[in-house]
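One-letter residues, chain by chain:
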Amino acid sequence: MGLGQVAGTGAAGDAAVDMGPRVLVSSMLRYGVLLASVVILAGLVFLLVQVGPRAFISMPRTSISESTDLTSIRAVVGELLPPEPEAVIEAGILLLIVTPVLTVGATAIAFVLERDWLYVAITTFVFAMLLLGFAIVRGSSLAGG
Amino acid sequence: MFFAIFLVSVAAGIGGAILGLGGGIIIVPALTLLLNLPIRFAIGASIVAVIAGSSGAAAAYIRDRMTNLRIGLALETMTTMGALTGALVAGYVSPHWLYLIFGLLLAYSAVALFGRLKLELPGEVPYDRLAERLRFSGDYYDQALGQRVHYSATGVIPGAVMMYLAGIFSGLLGIGSGLFKVMAMDVAMRLPMKVSTSTSNFMVGVTAAASASVYFTRGDIPAPIAAPVALGVLGGAWFGTNLMGHLRNTTIRKLFIPVLIVVAVSMIAKAIRSP
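Sequences listed follow chains A and B, in order. Take the first sequence: its position 92, counted from the start at 1, is 92 in the numbering used here, and no numbers get skipped. Count along the second sequence from 1, add 1000, and you get the number used in the numbering used here.
There could be a bad hint or two in this list.
[Stated by the list, open to error] Which stretches of chain A does chain B cover? Using the computed rule of at least three CB atoms under 8 Å from a CB of chain B, they are:
{"no.": "1", "region": "26 to 37"}
{"no.": "2", "region": "40 to 53"}
{"no.": "3", "region": "69 to 77"}
{"no.": "4", "region": "98 to 111"}
{"no.": "5", "region": "119 to 131"}
[As the list claims (entries may be wrong)] Sample of chain B residues facing chain A (criterion: CB under 7 Å; computed from the structure):
{"no.": "6", "residue": "A1052"}
{"no.": "7", "residue": "G1056"}
{"no.": "8", "residue": "A1059"}
{"no.": "9", "residue": "R1063"}
{"no.": "10", "residue": "L1073"}
{"no.": "11", "residue": "E1076"}
{"no.": "12", "residue": "T1080"}
{"no.": "13", "residue": "L1119"}
{"no.": "14", "residue": "G1123"}
{"no.": "15", "residue": "S1213"}
{"no.": "16", "residue": "T1217"}
{"no.": "17", "residue": "G1219"}
{"no.": "18", "residue": "I1221"}
{"no.": "19", "residue": "P1222"}
{"no.": "20", "residue": "A1230"}
{"no.": "21", "residue": "L1234"}
Since the hints were derived computationally from the structure, they do not count as laboratory data. From the three backbone atoms N, C-alpha and C, an ideal C-beta is built for every residue, glycine too.
Given only the sequences and the hints, what does the whole structure look like? Please build it.
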């Protein structure tokens, strides 16, 4: 679609400008969000089946004072077998969190296809900063205990 | 309780989608003051809300060409750098002064916004070489006006500086800072209000995702709170995006000003009260 589009046609009014990246970002966000909400809903249905309706009335009350111990991808995946309702929900939340980050990474590739090197550089830089942020968080949380 | 959180989140989703804020400003006070949840879970929930609202709304806005992807990504370089700076200097700066500085900055923005209250579209803006070089221009179909709107940005340097400050703020205090992003684009870069809020919408999700790992690792995002928040905000964002296209730019500004004033006043109050 946007393949082979000449860079530099950024004048206002050009209907085809950034078609490739736009379609990609829009659909990645849409399907990422859709997938995450389906997983979260599945977790809630699972909870309803396992605990019954009272889970929804007392739900946040029961765990109001406790934070979750599902704090890493490994912990969440570990709890998925055999499945726990809470782990299914947390997996959906994880999907939600990684969606925008992966979208930025994919956008860099979309700009490569458009041969828009300035924006390849800009988007790659943003993606790198996001990853650096994750690395700093991991480093400091390990050091901080 | 489950349904109360869900309803609050729907409201936050609608407001966030229209104003480009992500909804954290609504979620945190609602969960702590109305529902008595601990502040750390409220902040964890607001991070989830920001990502859900942003991703949900941005998907629609980008499709409708309201979001300017180039402007969003280029300015995101400044906010991510700011966020890292904020995280690095976190131990050395007192939040007291930050609240004061940002409170005053927002108060100034509110005044600047008042002057532009009647302005539907920015019209011709002064030529900016950097905007031309980065191709900060575009067009979208405005449903409220029934016409295609062409626009281009100006004041890229002041806009970028504001974005960097917004990044520092979110890195230090974990706040999405959608307000500052909208202000930078509306007041400094003089983009149409709808372009500013929808582009900010896309940006806050990316920034929030970067800091989400902190809260997730700390266990501040427990499933019983996160599930109704995520689903509620997504529903609200879907509704909000359908609504926003039909609103006038001036209406969105009018909705924006009270939010701005409340946040500015509470920030300045926080600065004065904290020792």
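Going down the list of hints, with the structure as the test:
1. 26 to 37: That given contact holds, which follows from 8 residues of the region 26 to 37 of chain A lying within Cβ reach (below 8 Å) of chain B.
2. 40 to 53: holds (count 4)
3. 69 to 77: holds (count 4)
4. 98 to 111: Our answer is that it holds, as 7 residues pass the Cβ test (under 8 Å) against chain B, meeting three.
5. 119 to 131: holds (count 7)
6. A1052: 6 Å, holds
7. G1056: 5 Å, holds
8. A1059: At 4 Å from the nearest chain A Cβ, A1059(B) passes the 7 Å test, so the hint holds.
9. R1063: Cβ of R1063(B) sits 5 Å from chain A, so the hint holds.
10. L1073: At 5 Å from the nearest chain A Cβ, L1073(B) passes the 7 Å test, so the hint holds.
11. E1076: 5 Å, holds
12. T1080: 4 Å, holds
13. L1119: 19 Å, violated
14. G1123: 13 Å, violated
15. S1213: 5 Å, holds
16. T1217: Given a least distance of 5 Å, the restraint on T1217(B) holds.
17. G1219: 4 Å, holds
18. I1221: 6 Å, holds
19. P1222: This hint holds: P1222(B) lies near chain A, its Cβ roughly 4 Å from the closest one there, short of 7 Å.
20. A1230: Result: holds, 6 Å to nearest chain A Cβ.
21. L1234: Cβ of L1234(B) sits 6 Å from chain A, so the hint holds.
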